[in-house]
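Asks: Letter by letter, the chains look like this.
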Amino acid sequence: MREEVMFWTLGPVMVLASLTLLFARKAVHVAMGVVVVMIGLAVIYVAQDAPFLGVVQIVVYTGAVMMLFLFVLMLVGVDQRESLRETIRGQRVISILAAGGLAALLIGFLGKVVIDPAHVGGLTQANAAGNPQAIAGVMFGSFVLVMEALGVLLTIAAVGAIVLTFVPRMSPTLNQRTRSDARIQGGLDPVNKPMPGVYARHNALDTPALDPLGNPLEASISRVLRARKQELEVPGLPQAPEIEPPAFDGNEREGGTP
Amino acid sequence: MNPMNYVILATVLFSVGATAVLLRRNAIIAFMGIELMLNASNLLLVTFARVNGAIAGQVDAFAVLVVAAAEVVVGLAIIIALSRSRQNISLDEPSEMKG
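Residue numbers (the working numbering), protein chains in the order written: chain W, -5 to 252; chain U, 245 to 343.
Hints may contain errors.
As the list claims (entries may be wrong) - Below, a sample of chain W positions facing chain U; criterion: calculated Cβ distance under 7 Å:
| id | residue |
| --- | --- |
| 1 | Val24 |
| 2 | Gly95 |
| 3 | Leu96 |
| 4 | Leu100 |
The set of hints was computed from the structure by calculation and includes no laboratory data.
Where a beta carbon is used, it is the ideal one built from N, C-alpha and C, also for glycine.
Required output: the full structure, derived from the provided sequences and hints.
Replies: Below you can see the structure in the form of structure tokens.
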């Protein structure tokens, strides 16, 4: 009875969450839906005498794989628009038909299978010493070679990922020394700009710094403050030039810039 | 409870994953469809391990899990390389591998 309640609550939730794969616009929402499906699967595993797999499902899938997906989404750019242009004509209709056909075929075929609930073996006997112990016994007993192959596969995958994402450095590293050298070579001011407020009566951002002779230094005030006429008036400092503010289009920031 | 319910659930999840792979153009979403299909098959393995009273089914499911993890790592690396080279991860764009 408890299992029925579990199944009929989790099952619809999982199917609904999996439908985000088809209908959600944003990839992040799809990832969240898939996370829900993974957690539901983990619960179902635990209910089906597989507590080890349930825990592994949460740790590996929801914990590692889906978070990896989210990281890659972050790297690639969350607001990647999906093009709705069809490159193959009628692809959408054909693929909906194919997928529906697959579902009909699988359900029609598997629906004919009859499992007598009275003859369900159950794993209480196999799990007598504990489920992880039972799995380990088979895994490191009969399937040692498979396990080692899987280990090699994981190593190869990790190395492959590093090779695929590796970008060789084309130019020498920029450090403080090279930056400073480049600045002097370019004839720019070799030192920092004077800080606002230095040697002045106020220590505020809008107060220009004074040189040793007491004259205000124009470069010490942020260009933005000057353009907004928010700097403190100091006698002797030339007025800020009139800067035309850029035309602000309300839609400009709507989709976010990539 | 009749284990056939789990089989039907796995079938539905597999079909949804397959549809997503066929329909979606975003490489990451299509990839998640593949993950869903692998998970559906895992659910079948676990269910039939219970029906048959054989723990080997769970070992198989674990192997599938490991292979899926390796596949995700390589696939996402390919997606990152793809987005680096063309600022776009639409599955329609790359045609170099066309036969």
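Asks: Are the hints correct? Go through all of them and say.
Replies: Quick rundown of the hints versus the structure:
For the restraint placing valine 24/W at the interface with chain U, the shortest Cβ-Cβ distance is roughly 5 Å, inside the 7 Å limit, so the hint holds. A hinted interface residue such as glycine 95/W counts as satisfied when its beta carbon comes closer than 7 Å to some beta carbon of chain U; here the least separation is about 10 Å, so the hint is violated. At a threshold of 7 Å, the smallest CB-CB gap from leucine 96/W to chain U is about 6 Å, leaving the interface hint in force. With a least beta-carbon distance of about 5 Å to chain U, the hint placing leucine 100/W at the interface is held under the 7 Å criterion.
Violated hints amount to a single one, hint 2; each of the other numbered hints is respected by the structure.
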